[in-house]
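Enquirer: Heads up: the sequence lines are chains A and B, in that order. Per this note's numbering, residue 1 is the first one in the first sequence, and the count goes up by one each step. Per this note's numbering, residue 1001 is the first one in the second sequence, and the count goes up by one each step.
Heads up, some of the hints might be wrong.
Sample of chain A residues with no beta-carbon within 12 Å of chain B, all distances over it, derived [what the hints assert, rightly or not]:
| no. | residue |
| --- | --- |
| 1 | His60 |
| 2 | Asp62 |
| 3 | Trp66 |
A short, non-exhaustive set of chain A residues, derived as facing chain B with CB atoms under 7 Å [unchecked claim]:
| no. | residue |
| --- | --- |
| 4 | Ala53 |
| 5 | Arg57 |
| 6 | Lys59 |
| 7 | Ala61 |
| 8 | Ala68 |
| 9 | Val84 |
| 10 | Ser88 |
| 11 | Arg118 |
| 12 | Ala123 |
| 13 | Trp128 |
| 14 | Pro129 |
| 15 | Gly146 |
| 16 | Val150 |
What the hints contain is simulated information worked out from the structure, not anything from laboratory work. Only a predicted model underlies this, so the values are computations on that prediction, with no experimental measurement involved. Don't be surprised by glycine CBs; every beta carbon is placed ideally from N, CA and C.
One-letter residues, chain by chain:
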Amino acid sequence: MTAVAHSRYAARTCHRLASTLVPFLAAACTCGAPEKPAPERVEAPVAVFARAAGDVRVKHADSEEWLAAREGMALRAEDRIRTVQGASATIAFPSGSTLEVAESSLVTVAGVASSGVRLEKGAVDVDWPRGAAGPGGGQAGSGPPGEFVVETRAARARVSREVVFQ
Amino acid sequence: MTLAFLLAALLLAGPDGGSAAPPAAQAADSALATADRAIAEARAAGASASDLGAAAALLERARASLREGRLDESRRLSDQAWEAARKARESAAGGTRFSVDVGEGESTRIAVSRGTVQVEAGSEKVALPAGQGARSRPGSRLELGPVPGTPALLDPPDGTVITVRPSARPAEPVLAWSAVGGAVTYEIRVTRDQAGREVALRLSSASARAPLRGELPAGDYFWRVAAVDGRGIAGAASSPRRLRVADQPPRLEVEKPVWR
């Protein structure tokens, strides 16, 4: 087995572990991989479904399929979440922050660089607890610590430790 | 961190309402368990001893009522304990809480209930404190102002048994609450769970009352009301009240008189 093939095998193994066991173990796996992982699915999850009630669907960034959401399912950058009428979901971030997605909503988990979610339709509630460290928990490569952003086409709402009155 | 996160995810699973109609004893048991769990969550979140004590005292009274067979009273006390625990947890959490929704014409509405949120729209940048809201519409300046207050629920009393039909009918149940200044409409949510997440029916009313019409299968529900202002910004919803929907209107049972 060549070095490249070996490193790809390691990356694939990490992905399987991340998908089937504890999602946030993936962060540790990818940190140890000798090669920069190419497929998006190897990225560390940035959030997880804590609750899904009714018809809640997820489209992972590397797929065209809308899957039924289930508790414990990992979410990564650019994954999309859709709720129909009467459905709702709670998404938990490792920092302790939670995002409640209301019925009839469409949300995209933002990229690591912008740390938060994009709200295309519907409504969300954000609970940012005292001392929250950001969507990625402030870990290296998991987004800016101490910030959470909800972005729409018309506005951007940001909560961070350094909000200052103007 | 991972362990703490998983624990948080488990705790966030929330109370389980269920859509079936459980017998009264089962409903009282379930309410007790839900309140018990809420108190444990509040304790884990670092709620103060006095707040926890108030919730625990209510729960103890609920247990006593259940032991003595006063099921409705037990359920009511359990609901009060749940609400006290929720408030204790909120108060312990501190931090920031805000909501964002995208309305018609791609307008965005932001309401802050705790902490401060930085809002950016075009070149504008504003720090919104708790109790304030903003609306952003394409091509317009940010519209800022206070978030509407919270209505107090008036009727029907907690735990009332009703029947619901899709269309108007005589003596249909009417929900009523206190009017809120600045409110243009009120949003009424009937949910299957106490936390208000699993919406079974959504109503809207321009006044402080609304006939309860719709498709609601028999079972236990919770209802709450939020005031909405002219910008479409909703204030915090009221505390929930329990409602039991029966298939048939509750009948007055009259025992056969015994003549002596």
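Enquirer: With reference to the structure, classify each hint as holding or not holding.
Expert: So, going through the hints one by one against the coordinates:
no., hint, verdict
1, His60, "holds, 19 Å"
2, Asp62, "holds, 24 Å"
3, Trp66, "holds, 20 Å"
4, Ala53, "holds, 5 Å"
5, Arg57, "violated, 17 Å"
6, Lys59, "violated, 19 Å"
7, Ala61, "violated, 21 Å"
8, Ala68, "violated, 16 Å"
9, Val84, "violated, 11 Å"
10, Ser88, "holds, 5 Å"
11, Arg118, "violated, 10 Å"
12, Ala123, "holds, 3 Å"
13, Trp128, "holds, 4 Å"
14, Pro129, "holds, 4 Å"
15, Gly146, "violated, 12 Å"
16, Val150, "holds, 5 Å"
Hint compliance for this structure: hints 5, 6, 7, 8, 9, 11 and 15 are broken, all remaining hints hold.
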